[in-house]
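Residue numbers (our numbering), protein chains in the order written: chain P, 1 to 269; chain Z, 1 to 326; chain F, 1 to 324.
Certain hints may be false.
Said to hold, decoys possible - Over 10 Å on every C-beta distance to chain Z, these chain P residues come out as not near it, computed from the model:
#, residue
1, Ala15
2, Glu47
3, Ser48
4, Asn193
5, Leu198
6, Arg258
Said to hold, decoys possible - Pulled a few chain Z residues facing chain F out of the computed Cβ check, cut under 7 Å:
#, residue
7, Phe29
8, Leu57
9, Arg85
10, Leu94
11, His104
12, His120
13, Glu121
14, Tyr122
15, Ala124
16, Leu128
17, Ser245
18, Glu298
Just so you know, these hints were derived from the structure itself, not from any lab.
C-beta atoms are modelled at their ideal positions from N, C-alpha and C, and glycine is treated no differently.
Residue-level listing of the chains:
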Amino acid sequence: MQPLLRVENLVKHYAAGRPASLKDKLTALDGVSLSIPSGETLALVGESGSGKSTLALCIACLEPPTSGSIWFEGIDAAALGENQQCLLRPQIQLVFQDPASSLNPRWTALDIVSEPFLVQGRFTKPDRAVRALQLLDRVAIPRKMAARRADELSGGQKQRLAIARALALEPKLLILDEALSALDCSVQAQISNLLLDLQSSLGLTYLFITHDFAMAAHMADQIAVMYQGRIVESGPSEKILSSPNHEATRSLMAATPRFIETPGVLVHF
Amino acid sequence: MPLLEVKNLHVSYSARSGEVCPALAGVNFDLGPGEILGVLGESGSGKSTLAAALLRLLPSNGKIQKGLVLFEGKNLLEVSPQDLRRIRGGRIGLIFQEPSSSLHPTLQIGQQVSDVLAAHEYLARRALNEKTSQLLASVFPVDAERISQSYPHELSGGQRQRVLIAQAIACGPSLLVADEPTASLDPTTQKEILQLFGTLRQKLGLAVIFITHNPALLASLADRILVLYAGRVAEIGPAAKVLSSPQHPYTAALLRCLPTDFAEGQSARKTRLHVIAGEPPDLSLHERGCQFEPRCTERMEVCQCDEPAVNAVGELHEVSCFKFAG
Amino acid sequence: MRYFIRRALHAVFLLFGVSLLTFLFSALTPGNYFDEMRLNPQISPETVAALRAQYQLDRPLPVRYAHWLNAVAHGQLGFSFAYNNPVAPLLWARARNTLLLTITATLLAWLVALPLGVWSAASFGRAPDRVLSRTTATLLVVPDLVLALGLLILAVRTGWFPTGGLVSDGFDELSVSHKLRDIALHMTLPVVSLVLATLPMLVRHVRASVADVLDAPFLRAAAGHGIPQRKLLYRYALRAAANPLISLFGFSVGTLLSGSLLVEVVMSWPGLGPLLLESILARDLYVVIGGVLLSMLFLVGGNLFADILLYLADPRIRTAASAE
Chain P
1 MQPLLRVENL VKHYAAGRPA SLKDKLTALD GVSLSIPSGE TLALVGESGS GKSTLALCIA
61 CLEPPTSGSI WFEGIDAAAL GENQQCLLRP QIQLVFQDPA SSLNPRWTAL DIVSEPFLVQ
121 GRFTKPDRAV RALQLLDRVA IPRKMAARRA DELSGGQKQR LAIARALALE PKLLILDEAL
181 SALDCSVQAQ ISNLLLDLQS SLGLTYLFIT HDFAMAAHMA DQIAVMYQGR IVESGPSEKI
241 LSSPNHEATR SLMAATPRFI ETPGVLVHF
Chain Z
1 MPLLEVKNLH VSYSARSGEV CPALAGVNFD LGPGEILGVL GESGSGKSTL AAALLRLLPS
61 NGKIQKGLVL FEGKNLLEVS PQDLRRIRGG RIGLIFQEPS SSLHPTLQIG QQVSDVLAAH
121 EYLARRALNE KTSQLLASVF PVDAERISQS YPHELSGGQR QRVLIAQAIA CGPSLLVADE
181 PTASLDPTTQ KEILQLFGTL RQKLGLAVIF ITHNPALLAS LADRILVLYA GRVAEIGPAA
241 KVLSSPQHPY TAALLRCLPT DFAEGQSARK TRLHVIAGEP PDLSLHERGC QFEPRCTERM
301 EVCQCDEPAV NAVGELHEVS CFKFAG
Chain F
1 MRYFIRRALH AVFLLFGVSL LTFLFSALTP GNYFDEMRLN PQISPETVAA LRAQYQLDRP
61 LPVRYAHWLN AVAHGQLGFS FAYNNPVAPL LWARARNTLL LTITATLLAW LVALPLGVWS
121 AASFGRAPDR VLSRTTATLL VVPDLVLALG LLILAVRTGW FPTGGLVSDG FDELSVSHKL
181 RDIALHMTLP VVSLVLATLP MLVRHVRASV ADVLDAPFLR AAAGHGIPQR KLLYRYALRA
241 AANPLISLFG FSVGTLLSGS LLVEVVMSWP GLGPLLLESI LARDLYVVIG GVLLSMLFLV
301 GGNLFADILL YLADPRIRTA ASAE
C-alpha cells in the first residue's frame with residue numbers, strides 16, 4: 001500500500017540579502033525525506049529554525065521547493081502546473097499555531113467556515129450554510145456561537161474554528177503547524193481529543209509539527225526529528241522515545257519539562 | 001517577616017458598555033524573601049492582571065477595587081507616584097508577556113538597559129556604560145557587546161527574553177514578577193531561561209513570582225505553587241505537594257489533562273486525554289457560589305450557593321473548597 | 001545605497017513628467033501675453049508679430065520644449081515677457097522671501113505642535129486634551145483667508161504691526177539692527193497666520209500617533225521599570241510614533257514654497273506666490289513653468305528628505321532596505 005504522502009530529497013533555498021553569490025542563500029531544507037501512511041500521524045519535532053514550517057508550506061504547495069519531489073497519492077505535486085496544483089490543494093490543509101492571526105477577527109464563525117466553499121465556488125448559498133453548521137457541530141462549537149465574531153471566541157474555540165475551516169473541503173492530509181502550542185493545558189487536551197476523534201471518524205492523516213515531545217509522544221505513530229533543515233532521526237514513536245540516537249533528539253527530550261505523578265516524586269530537568 | 005503580603009485583592013475591568021467584570025476577587029498570599037512562588041493559571045484566571053495590579057500597571061479600564069499589597073512594609077496601593085516609580089524596577093522587577101513587543105523597536109538594546117539603570121541610580125556616563133556592559137554580560141555570556149548595539153528586531157525570542165530579564169534585575173530588586181517568561185520560546189531556550197532564573201535566585205537571593213499555565217515548568221523551579229481560577233486562589237501550598245497530590249478538584253483535573261510522561265511507555269498513546277468539561281466562567285455574569293462548580297466532578301449542593309472559605313489541608317497547604325469545610 | 005539611488009531616480013523621473021505636463025498645459029491654454037498687447041492700440045501689429053517671433057511662440061511645441069529643456073540644463077529657466085528679465089534670478093529673489101517666511105513658520109509650528117500633541121495624548125480624554133481638541137478643530141474649520149484677513153484687520157486697528165510688504169519705506173537708511181527689526185516686524189503677521197493655519201493639523205497628527213503608541217506593551221514595560229514620565233513620553237512614546245510624523249515633516253518641507261501663496265497675496269509679501277499669480281493672469285509662460293517646477297522640486301525633495309530621515313531614524317527600515 002503506497003503511503004498517502006511521500007517526500008523525497010526536498011531542498012529549499014531562500015535568497016538571503018543581496019543575491020550576489022551562491023553562498024548568500026539560506027538553506028531552509030537540505031534534503032528532507034519522509035513518508036506517512038494513510039490514516040496515521042507523523043510528528044515532526046524540532047526547534048525553531050529547523051525548517052519545520054518551511055516543510056509544511058512546501059507540502060501544502062504554498063511554496064515551490066528548489067528541488068526534490070512530493071508524492072501525494074502517487075502524484076508528484078511539486079511537478080504539477082499551477083492549475084493542477086489548485087486542484088490538489090484542497091486535499092492538503094493547514095492549521096496554524098496562532099488562531100488569532102489566521103482567522104479574520106471581524107468575520108463570524110459561520111463566515112469563516114464557509115469561506116473555503118466560496119473560494120472554490122461550490123454549493124449554493126443555503127447549502128453552504130447547512131454544511132458550515134455541520135462542520136461547527138463536528139468540532140463541538142455550539143450553534144449559538146455561529147453568529148459570533150471570531151474575536152469574541154476563546155483560544156480553544158478559535159482553534160476549533162480553524163480546524164473546522166480546514167475540514168471544509170474534505171482534505172485527506174491535515175498539517176498541524178504547532179496548532180496546540182499556544183493553548184492552555186486543559187484546552188490542549190480537548191483539542192487533541194478532537195483531533196483523535198476526527199482521525200478515526202474521517203480517516204484523516206496528520207502531519208503534526210511541534211516542539212513539544214510530550215504531545216508528540218501522545219499523538220503520533222511515527223516521530224521524525226528535524227535539525228538544521230534535515231531529518232536526523234525518524235521511526236516508530238516507541239523506538240525513538242525509548243532509544244533516541246541523535247544528539248538533537250536527546251537534547252530535545254531533555255529540554256521537555258516533565259513531572260511524573262508518583263506521589264512525592266518529581267522528575268527534574 | 002514576609003517580603004510581600006497580598007490581602008483580599010479585588011481588581012475589575014470595565015467594558016465599553018459600562019459592564020464591570022471582576023478579574024481578581026479576593027486574592028491572598030504571602031511571599032518570603034528568596035522564595036519562588038509559581039502562579040498556575042489558565043486564560044481568564046486573572047494571572048496577568050495579578051502581575052500588573054501589584055505595581056499598579058493596569059490598563060486604563062482596569063481598577064483596583066480594594067485590598068492590600070504590602071511590600072517591605074509599605075502598601076503599594078497607597079504609596080505616592082514618586083515612591084511607586086522608584087519601587088518599579090528599583091525594588092520590584094517586572095517581566096511582561098510577549099518579549100517581542102516589550103522592547104522599544106527603534107532604540108538600541110544597550111540604551112534600553114541603560115535607561116533602566118539611569119532611572120534609579122545617579123551614575124556618571126562612564127559608570128553607567130560600564131554597569132550596562134556588566135549587566136548584559138551576566139545574561140549573555142558571549143556576544144554581549146554585539147547585542148548591546150543591536151535592535152530588538154535583530155534578536156531571537158530567547159535573546160529578547162534575556163534582555164528583559166537584564167532590565168528587570170538591573171537595579172538589584174528583591175522581587176521579580178515574571179508573566180509567562182517562556183511562553184513563546186523553544187524547549188532548549190526555555191530550559192536555559194529557567195536555569196537562569198534558578199541561578200539568579202541563588203546568586204542574588206531574588207524572590208520570584210513565576211506566572212505560567214504550564215504546570216510542568218514549575219515542577220523543577222517553584223518552592224510553592226498558587227493555583228488561580230476565575231480570579232480566586234483555588235489552592236496554595238508546597239510545590240511538590242500540590243503537583244503530586246493536588247487537593248482542589250480544579251488542580252487535580254488540570255494535572256490529569258497532561259499527557260502521561262513518555263518515559264512510561266506508550267500504552268496511553270493516542271487515547272483520549274482527560275479534559276475538564278465546560279469552559280472557564282464568564283466573570284461578568286457575577287454568578288453566585290463556587291466558580292468551578294459547573295465543571296466540578298465532586299460538586300455538592302452547597303457549592304452553588306456560597307463561595308468556599310479557605311481551609312488548611314496540610315502544612316502551609318490551603319484549599320478553597322467545600323470538600324474540606326469543617 | 002541602492003535604496004537611495006532608486007528613490008533619487010524616481011524623483012528625477014517625476015520632475016521630468018511634471019515639467020512636461022506644466023509646459024503642455026500652459027502652452028495649450030487659450031490666449032497669451034501678446035493677445036493683451038494686441039488690444040493695446042499703441043503697439044503696432046508688426047511689433048507684436050516681431051516679438052512673437054523673437055520669443056519663438058510660432059515654433060511647434062516639441063521644439064519649444066526641447067529648447068527650454070536645454071536651457072534648464074544650463075541653469076536658465078527661460079525669459080519673462082512681463083518683466084523682460086531672465087526667469088531664474090526673478091524666481092530666486094522671490095523664492096528667498098518666501099522661504100524666509102515659510103521656514104520660520106514651519107519650524108515654529110513644529111516646535112509648538114510636538115509638545116502640545118504629546119501633552120494632549122498623555123491627557124487623553126481629560127480636560128487639557130478636550131480643550132486642545134476643540135481649539136484645533138475650530139482653527140481647522142476657519143479658512144486660511146479669514147485668518148490672514150483677520151490678522152490684517154488687527155494690524156490696521158492697532159497699528160502694532162505693519163500692514164504688508166517686506167520692508168518699510170526708507171529701509172536702506174536704517175542700521176543693521178534696525179533693518180533686522182523692521183523685517184521681523186513685517187514678518188510677524190504672515191508667520192502667525194501660517195502657523196495658525198498649519199498648527200492644528202500638526203497637533204492632531206502628533207496627538208493621534210502618540211496616543212496610538214501609549215497603549216503599546218513596550219511602554220507599559222518601560223513604565224514597569226520605573227522610567228520617569230517625561231522620558232517615557234519623549235524618548236519612548238514620541239520616538240516610536242515618529243514614523244508617520246517624519247513623513248508629515250517631509251511634506252512640510254515639500255510645501256515650503258507652495259503653501260504660503262494665499263498669505264503672501266493677502267499680506268502683500270513679495271514672495272513667489274504673488275509672482276506666480278500675476279504671471280498666470282498675464283500668461284507669462286516661462287515664469288509659470290519655472291515657478292511650478294521650483295515648487296515641485298521642493299515637494300519631491302521634501303519626500304526624498306523624509307525617506308532619508310526615515311531610513312536614519314528607524315532601524316527596521318534599514319534592515320528591510322538592505323535585504324532588498
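The hints, checked one at a time:
1. Ala15: 19 Å, holds
2. Glu47: For Glu47 (chain P), whose nearest Cβ neighbour in chain Z is about 5 Å away, the distance does not exceed 10 Å, so it is violated.
3. Ser48: At roughly 5 Å from the nearest Cβ of chain Z, Ser48 (chain P) sits no farther out than 10 Å, so the non-interface label is violated.
4. Asn193: Non-interface label on Asn193 (chain P) violated, nearest chain Z Cβ at 5 Å vs cutoff 10 Å.
5. Leu198: 12 Å, holds
6. Arg258: 5 Å, violated
7. Phe29: 20 Å, violated
8. Leu57: 6 Å, holds
9. Arg85: 5 Å, holds
10. Leu94: OK, holds: Leu94 (chain Z) within 7 Å of chain F, min 4 Å.
11. His104: 5 Å, holds
12. His120: Check passed: Cβ of His120 (chain Z) comes within 6 Å of chain F, closer than 7 Å.
13. Glu121: 11 Å, violated
14. Tyr122: Not OK, violated: Tyr122 (chain Z) not within 7 Å of chain F, min 13 Å.
15. Ala124: 18 Å, violated
16. Leu128: 14 Å, violated
17. Ser245: 36 Å, violated
18. Glu298: 40 Å, violated
Checked against the numbered hints given earlier, the structure breaks hints 2, 3, 4, 6, 7, 13, 14, 15, 16, 17 and 18 and satisfies all the rest.
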